[in-house]
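Chains as they are written, first to last, in full-length UniProt numbering: chain F, 1 to 312; chain S, 1 to 312; chain D, 1 to 312; chain C, 1 to 312.
Among the hints, erroneous ones may be present.
No copy is singled out in the list; a pair is fine if it fits within one copy or between any two copies.
[As the list claims (entries may be wrong)] The calculated lysine to any residue pairs, modelled on SDA-like cross-linking and capped at a C-alpha distance of 25 Å, are:
hint	residue 1	residue 2
1	299	150
2	147	278
3	147	244
4	147	174
5	147	173
6	147	177
7	299	38
8	299	114
9	299	177
10	147	117
11	147	126
Hint data in this document are derived by calculation from the structure and do not stem from the laboratory.
Number of protein chains: 4
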Amino acid sequence: MSLPTPLTGVVPPLCTPLTPTGEVDTRSLTALAERLIGAGVSGLFVLGSSGEAAYLSDRRRRVVLETVTEAAAGRVPVLAGVIDMTTERVLDHARTAVESGVDGLVATAPFYTRTHPVEIADHFRRIRGGAGLPLFAYDIPASVHTKLTPATVLPLAAEGTLAGLKDSSGDDGALRRLLVEVRRRGLHTSFSVLTGSELAVDGALLAGVHGVVPGLGNVDPEGYVRLYQHARAGRWERAAAEQDRLVALFAITDVGDPAAMGGSSSALGAFKAALHLLGVIDCPATTPPQVPLGDAAVKSVRQLLEYGGLLP
Amino acid sequence: MSLPTPLTGVVPPLCTPLTPTGEVDTRSLTALAERLIGAGVSGLFVLGSSGEAAYLSDRRRRVVLETVTEAAAGRVPVLAGVIDMTTERVLDHARTAVESGVDGLVATAPFYTRTHPVEIADHFRRIRGGAGLPLFAYDIPASVHTKLTPATVLPLAAEGTLAGLKDSSGDDGALRRLLVEVRRRGLHTSFSVLTGSELAVDGALLAGVHGVVPGLGNVDPEGYVRLYQHARAGRWERAAAEQDRLVALFAITDVGDPAAMGGSSSALGAFKAALHLLGVIDCPATTPPQVPLGDAAVKSVRQLLEYGGLLP
Amino acid sequence: MSLPTPLTGVVPPLCTPLTPTGEVDTRSLTALAERLIGAGVSGLFVLGSSGEAAYLSDRRRRVVLETVTEAAAGRVPVLAGVIDMTTERVLDHARTAVESGVDGLVATAPFYTRTHPVEIADHFRRIRGGAGLPLFAYDIPASVHTKLTPATVLPLAAEGTLAGLKDSSGDDGALRRLLVEVRRRGLHTSFSVLTGSELAVDGALLAGVHGVVPGLGNVDPEGYVRLYQHARAGRWERAAAEQDRLVALFAITDVGDPAAMGGSSSALGAFKAALHLLGVIDCPATTPPQVPLGDAAVKSVRQLLEYGGLLP
Amino acid sequence: MSLPTPLTGVVPPLCTPLTPTGEVDTRSLTALAERLIGAGVSGLFVLGSSGEAAYLSDRRRRVVLETVTEAAAGRVPVLAGVIDMTTERVLDHARTAVESGVDGLVATAPFYTRTHPVEIADHFRRIRGGAGLPLFAYDIPASVHTKLTPATVLPLAAEGTLAGLKDSSGDDGALRRLLVEVRRRGLHTSFSVLTGSELAVDGALLAGVHGVVPGLGNVDPEGYVRLYQHARAGRWERAAAEQDRLVALFAITDVGDPAAMGGSSSALGAFKAALHLLGVIDCPATTPPQVPLGDAAVKSVRQLLEYGGLLP
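Between the sequences and the hints, there should be enough to build the whole structure, so can you do that?
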C-alpha cells in the first residue's frame, strides 16, 4: 500500500520478540502486529529503538521486515527503521527494507562520526534518492547526539525529500516552533510530524502533530488510540485523563535496578515483560548484552499492569 | 502579602531595564511592573534568567528588589530569584530579598561545582530554613547542568521545604511524570508547578501545571493571560491558537547574529528591544559582556511586533 | 602472525583510499600499507575512525581487510576495527575480520543505545569469546558517548578478555591513573595501552604507554617512529621537539571551513589530501556525505606539508 | 610584589580551612601557606576550586584574601580567584582582591548564562581594564561548560590582556597545540601557561608549560616541587616516577561513597582530611551542602598517606 499523506494516528514502534535462543520469534511478532492492528493503529513502525534495531544483526532485521509486512498484509502501512552510522550503510538496510515491501523508511542523522548540517541534509537526500520510498527523519539526539533543526528539516520537507519527522527529542518547545512554521509554509498537508514521546501526547496533538509513535503503545495500544480519538474529537480533558493513566503505566520502565542495568535495558525489558505477562509474546528475552529484568522487577511490572487495569 | 497556595496563573520573569550608563532604570522597571499587573498577571518574578540576574552586581540586584516590591505594593506577590553557586552565597541573596519584602524565593541547584542529589536536597532545606520564606526550586539544567528529579523534588514538596517548582528544563515528558505523581500524592493543593517554557504552555496547562513563567510575557503579557484563561475555561483550541501566535512572536529571540553573539544575548536583547519599541522602557541596553543587537536585528524585532499586532 | 604481547610502538590507523567512484582503491591502500611498514611501524590498524569505518559498507570493509592483510604479509600484525552498535553486530564484523586473517580486533563500547558498565563488560567478553582473537578496547567517548573506566577495564585485562586498550579519550589524567594501576597489578607485560592522541605522544610515552595509534601517522609515519625511538632511548627533549613538529603539521586538519563541513570531514579530508599530494594514493576522495575539501583548503594542506619539510 | 613574567613553578591552589562553626580558620590557613612556602612553591593561588570559592560568602572570601596575603608577606606572589558568573560580579570580587594586596587575578569564562567567544574576550578585557592587575584565564569547562580556544586566548595574550592561562580542561592535546602556537608567536616569555592537572604534570612540563597548579599540592607540596625540579633539570624518568607516586596518592580523592556524595565533596573532603591528619589544619570540615567524609573514608585517607610515606 502507499503511505497516506500525511500519515496520522497511532503508529507504534514494535518490539521484536525473541526465542529463548535469541532468534526472532516470528509467531509472537505476528501476534503483536495483529493485536496492534486490531486495536486500531494506523501504521506499524519496525526496527526502531523499541524494536532493538541497534542490537539485531542484518539477518534478524530482515526476518523482522518480512514477518511484519506479511502480517500487515496491506491493512496498515509499515515503516522500517534503517538505523546505521552513515549513508552508505543506511542504503544497504534500505535495499533490504524495500525488498521486504515496506511502505516507508525512517532514518536518523549520521552518528558515531562528527557531522554537520550540510552533511545531514545530503545524507537524507541520498537515502531518499537511493531508496525510492517515502522517508521520515528520526530526530533522536539521545542516540545520535545531534538535534535536527528547523533550518535542516524545513527545506527537506518543502522539496519532498522528507515525508515526515518522528520527533523523539523530547524538546516540545522546539517541536512547537517547527509545527507553527510547517503550517505557515503550507507543508502540513504533505509533511507528517509524529511525536515519539509517549508521555505528553495530548499536548503534542493540541500543538498540531499528526500522530504518535509510542513505545508504550506495544503494551496498551487501545489506550493510545483512545487518547488520539479524544484529541481529534476535541475532548481534551478526556485525552489528558487517558494520558495521565498511560503516564502512570509508564512506571514499568523504571522497575530495573539502575545499579545493575542500563535505562535502555530496563525500558525494553519492561515492554517485553508486559507483553509476555499479557500473553501476546512467548518469551520476554531481550538481546545481549542487555541485562534481563530480575524476578522482583517482573513482579513490579505485573502489579503496574494490574493497577492500570490491563491484567485482572 | 502572603503567597497564594498554590500559586497559579501567569507570573512573568521581569526584564531589568538599564540606563545607558548601566544603572538599574527604576522608572522603566516600575512601568514594566505596572504594565504586567495591569494585564492581569498573578505574580512578578524578578532576578531570574530573563532579569539578567547572572549579570547584575549585588547592589543592582537590591535596587531591583526594592523597586519591584514597592511597585507591586501588595497587589500581586513578588518572587525573587536568589541565583548563586551554593548555599551560603544564596542565603546572602535571600537575606537581601527578605529585607526588600518579597513574598517568595526561587533557587536553583548548586552550580559551578559538581554536586549530588543528597547535597541538592540539603541545599534547599538550608535555604528554606535560613530564609523563612516560601521557596520555589528552579529547574534549569541549561544553566546549572543538573536536572532536578522527582526523587529529589517530591520529598521536599511533601515535607514543606518547597512551595513549588519552576520547570525550565524543557523536558515535558519528565514534567508530566512529576505532575501525575504530585496529584497521586495529594500535593497539588500545596505544591505549585509552573512551567518556564513559553512555547508549549497550552500543553503544560492541559497536563496540569498551575501556571507559567514566560520570558516573552514581558512583551505580550495580555497574550499569556488570555492563553491561561482559555485553558482554565476549557477552550483548548483557542488556547492553542493563542499559543501559536505567541510562538510566532518568539521569533524575535532569533534576530541576533549567531556568528557574533550568544543565544542569551540575542533573546534578552530582543525582549528589551521590544519593550523599548513598545514604549515601556526608556533604553534597550543589556549588561556587558552581552553583545547589543544591531540595527538590522532591531528592525526585525519591530517587524515581528507589527506582524504580531503589537505595533501598528 | 600472532600479536606481540604486549604490542608496542607505532600502529597507524590506516586511511581507506577510494577511487573517484567510491570503491576501495586497493592499489593505493596497498601502497599506503607498504609505505607505513617501510617507515618502521610495528602494526597496522584498519577500519578505525581514520579509516572511515563508520562510512564504509560491509562489502567495502571486507575489501579493506583482505587488501591490508595481504599487503602486510605477516611482516607486521594487523588490527581490525569492528565498529558497530552492539555485540551481535560487532560479532558479524569480527567473523569477516577473522576470515581475512587479521591478528587482533578493536571494539568500542556499545553506542546509539544507552548502556551500563555491566553491559559493557559483558559486551567485551562475548566478543572475545565469539571471535577467538586478541581484543583491544577502543575508548572513544567522542563517538560512543561513554568513557571506559578503570573499574571496567582492569578486571577485563586481568582475566585476559582484553589484550589492550586504545585510548582516544583525550583524558590524559585518567590515562595516567590507569597506567599506574596496570603496573601496580603487574598487568603491563600482558596488557598493552596505546594512546590514540597524536598530539601528546611524548608525554604519554613518559607516562608509560606501550605505543601510539596516530591518525597523522598516515602522513608522517617516519616522524612518529622517530618520536617513539627517541622516547624509548630516553631522549625526551628530542622526542618533544619531534612532537612539536608533528603538532604544527596537525594544523592540516583545520583547513576545512567549519561553516561548511564537519570536523570529521575536515580531518579525514586533510589526511587524504596530504597522502594524495605526497603521491601515496591516487585520489583524495572521502565517502559521502562528507563534504570534500575545497581548492583553497587543499592549497593550505600543501603549504603545511612544505612548511613541515614533507614536500619540497 | 609584582608577579614574575612568566610565572613558573608550583603554585598550589590553597584549600580554605574552616572552624567547626564554618568560619575561615585563619590560623590554619596561615599554617598551610607557611608550609607551602617552606616546601618551595613559587606562588599561592587562593579562592580557586580547591579553595571552595564556589561555597564561600563574599565576607569569607575577603578573610581568605587578607589572611594569605599577610602570610605570604611578599615572599611569593599571591593569585586570587575571582569566580563569579559574569563581568560586573567578577569586578566586584576583583576590587576586594586588589584591596587585599594580591599580585594577580584568575577569572573563568562567564557561566550560568550561555555565552559566545566575542563575549568571553570582552569579559576578560573588561576585567583586566577594571582591576588593573595581571590576569590569568582559568579554563575549566567542567565548571563553566565552555572551553577556551586558542582563537580566543592567543589574541588576548598578544595584546597583554592575559598574563597567563590556568588550564584545568584536562585536554592535553589542545594544550599542546596552544603551547606550540604560543612559542611560534614568541609569547612564551610574557604569557605563562600553567596546567591545573595534578596527574600528568611531567608530560605537561615536557610539552612546555611554565608551571603547575596542583590541588594535591596542598597535601604533598614537596612532591610537586621535586617533580618540577627533576623536569627542569632534564631528569625526566625521575620526574615520571615522582608523578607516579603522586598519582597513587591521588586515590585519596576517591574514598567518598559515590552513592552518598558528589565528586567535588569527596575530593575537597579528602584534601582537608589529609591536611588534618598531617597536623597542618585544625579541622577537616568542608562547607555545606557538601557531605562530610565518613570515618571509613578518613581511615582510607590515612592509609594512603601512610602508603605514600607522608605519615609514619
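Hint check:
For the homomeric pair residue 299 and residue 150, the shortest alpha-carbon distance between copies (23 Å) is at most 25 Å, but the shortest distance inside one copy (43 Å) is not. Taking the shortest alpha-carbon separations for residue 147 and residue 278, neither the intra-copy value of 36 Å nor the inter-copy value of 35 Å comes in at or below 25 Å. Proximity of residue 147 and residue 244 under a CA criterion of 25 Å is satisfied inter-copy only: 22 Å between copies versus 28 Å inside one chain copy. Taking CA atoms no more than 25 Å apart as the test, residue 147 paired with residue 174 passes in both settings, with 10 Å inside one copy and 19 Å between copies.
For the identical chains of this complex, residue 147 and residue 173 are neighbours both inside a copy (13 Å) and across copies (17 Å), given an alpha-carbon limit of 25 Å. Both within a single protomer and between protomers do residue 147 and residue 177 lie at most 25 Å apart by alpha-carbon distance, with minima of 14 Å and 23 Å respectively. In this homomeric assembly, residue 299 and residue 38 never come within 25 Å of each other (Cα to Cα): the closest approach is 28 Å inside a single copy and 56 Å across copies. Only between protomers do residue 299 and residue 114 lie at most 25 Å apart by alpha-carbon distance; the minimum there is 24 Å, versus 42 Å within a single protomer.
In this homomeric assembly, residue 299 and residue 177 come within 25 Å of each other (Cα to Cα) only across copies, at 21 Å, whereas the closest approach inside a single copy is 42 Å. For the identical chains of this complex, residue 147 and residue 117 are neighbours both inside a copy (10 Å) and across copies (22 Å), given an alpha-carbon limit of 25 Å. Taking CA atoms no more than 25 Å apart as the test, residue 147 paired with residue 126 passes inside one copy only; the shortest distance there is 19 Å, against 33 Å between copies.
The structure shown violates the earlier hints numbered 2, 7.
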